[in-house]
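J.: Okay, so the sequence shown: first residue is 12 according to the working numbering, each after it adds one.
Bear in mind the hints are in silico, worked out from the structure with no lab data behind them.
Heads up, a few of these hints could be off.
[Stated by the list, open to error] List time: in silico EDC-like cross-link candidates among lysine to aspartate or glutamate, alpha-carbon distance up to 20 Å:
id : residue 1 : residue 2
1  : Lys193    : Glu43
2  : Lys194    : Glu79
3  : Lys26     : Glu43
4  : Lys36     : Glu53
5  : Lys62     : Glu27
[Unchecked claim] Restraint-style ranges between C-beta atoms, simulated for each label pair:
id : residue 1 : residue 2 : range
6  : Met95     : Lys36     : 25 to 31 Å
7  : Ser208    : Thr70     : 35 to 41 Å
8  : Glu295    : Asp175    : 45 to 51 Å
9  : Lys251    : Lys33     : 40 to 46 Å
Backbone N, C-alpha and C define an ideal beta-carbon position, used for all residues, glycine too.
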Amino acid sequence: MVKPDVYRSLGLSDKEYQNIVKILKRKPTNTELAMFSVEWSEHCGYLRSRKWLKHLPKTGKYKTLIGEDSGGIIIDDLAIIFKMESHNHPSQVEPKQGAATGVGGIIRDIFTAGARPIALLDSLRFGPLAQAYNKYLFTGVVDGIQFYGNCVGVPTIGGEIYFDESYTGNCLVNAMCIGIAKKGKLVRARAFGKKNSIMYVGSSTGRDGIGGCSILASHEFKEGEEKRPTVQIGDPFTEKCLIEATLEAINTGYVVGIKDMGAAGLTCCTSEMASAGNSGMDIELQAVPRREENM
12 MVKPDVYRSL
22 GLSDKEYQNI
32 VKILKRKPTN
42 TELAMFSVEW
52 SEHCGYLRSR
62 KWLKHLPKTG
72 KYKTLIGEDS
82 GGIIIDDLAI
92 IFKMESHNHP
102 SQVEPKQGAA
112 TGVGGIIRDI
122 FTAGARPIAL
132 LDSLRFGPLA
142 QAYNKYLFTG
152 VVDGIQFYGN
162 CVGVPTIGGE
172 IYFDESYTGN
182 CLVNAMCIGI
192 AKKGKLVRAR
202 AFGKKNSIMY
212 VGSSTGRDGI
222 GGCSILASHE
232 FKEGEEKRPT
242 VQIGDPFTEK
252 CLIEATLEAI
262 NTGYVVGIKD
272 MGAAGLTCCT
282 SEMASAGNSG
292 MDIELQAVPR
302 REENM
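Put together the whole structure using the sequences plus the hints.
T.: Take a look at the structure:
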């Protein structure tokens, strides 16, 4: 048996560990534990909020796009794609990077669907600015949002902000991105077909952000200084290039499926794309570009 403190440190409960053993019919390896911990986190798996999300409307005046990393509607030959996501925990620990990477993530969910990002919005909540740490969070989050949007070239066109004591110690950072595409240019986050190549495209992999969606959310905010490495570091200039390169690649017609790595990295994009396409993947981790040797 794996010692409880090992899987608990990854944010997994005793019940979840037992479920993993039941699914695998054996003791999981440390790598498998880490993979389950990120995929079963609230950030990636919506385990606690999924029952409420099911109540949201699925039909309307226009044809809807549901079930991918972003939602959308079809109006004639035009697809309007949008994504909203919260980055509360990372922003509470490291406000600038937490907010910036929240913006970066939703932009990627737009252009990996085949749409061009055209606008950003945000909805923010903080405790009273009379308290020094609330003011620090407010300043950092606003800076992170404007920094990333300006550098990547997608304008922030609107937002809202409120201050209330209930948000002291737990700020709320919701970011939203809107994109447009021709209906026939949309791409699904699915992997299917035999012997297709798998391409890793983007920044090199570093130590920042590892386990951020599970480890970070499982700890108290008072441990924030220790948890700063679990907040990803944004790279808007690389993402600006990625927008153009990705849309150009999709336009060739050769891209079968595409997905943003997100908070769970390769674990997320490979397993979820394979599952959605009812297929499998072989990946060579040795080929992953790394920022440091011996990672």
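J.: Holds or violated: 25 to 31 Å for the Cβ distance of Met95 and Lys36?
T.: 39 Å, violated
J.: That 35 to 41 Å hint for Ser208 and Thr70 (C-beta), does it hold up?
T.: Distance hint for Ser208, Thr70 holds at roughly 37 Å.
J.: Would you check the hint for Lys36 and Glu53, treating anything up to 20 Å between C-alpha atoms as holding?
T.: With a Cα-Cα distance of about 25 Å, the restraint between Lys36 and Glu53 is violated, given a limit of 20 Å.
J.: Would the hint linking Lys62 and Glu27 be met if the CA-CA limit is 20 Å?
T.: 18 Å, holds
J.: Need the status of pair Lys194, Glu79: alpha-carbon distance at most 20 Å?
T.: Within the cut-off at roughly 15 Å; holds.
J.: Within 40 to 46 Å: is that where the Cβ-Cβ distance between Lys251 and Lys33 falls?
T.: 45 Å, holds
J.: Below or equal to 20 Å on CA atoms is what counts here, so check Lys193 against Glu43.
T.: Given pair Lys193, Glu43 is violated - Cα atoms ~39 Å apart, limit 20 Å.
J.: Taking 20 Å as the top limit, are the C-alpha atoms of Lys26 and Glu43 close enough?
T.: The hint holds at about 16 Å.
J.: Note whether the CB distance of Glu295 and Asp175 lies within 45 to 51 Å or breaks it.
T.: 50 Å, holds
Against the hints set out earlier in the document, violations occur for numbers 1, 4, 6.
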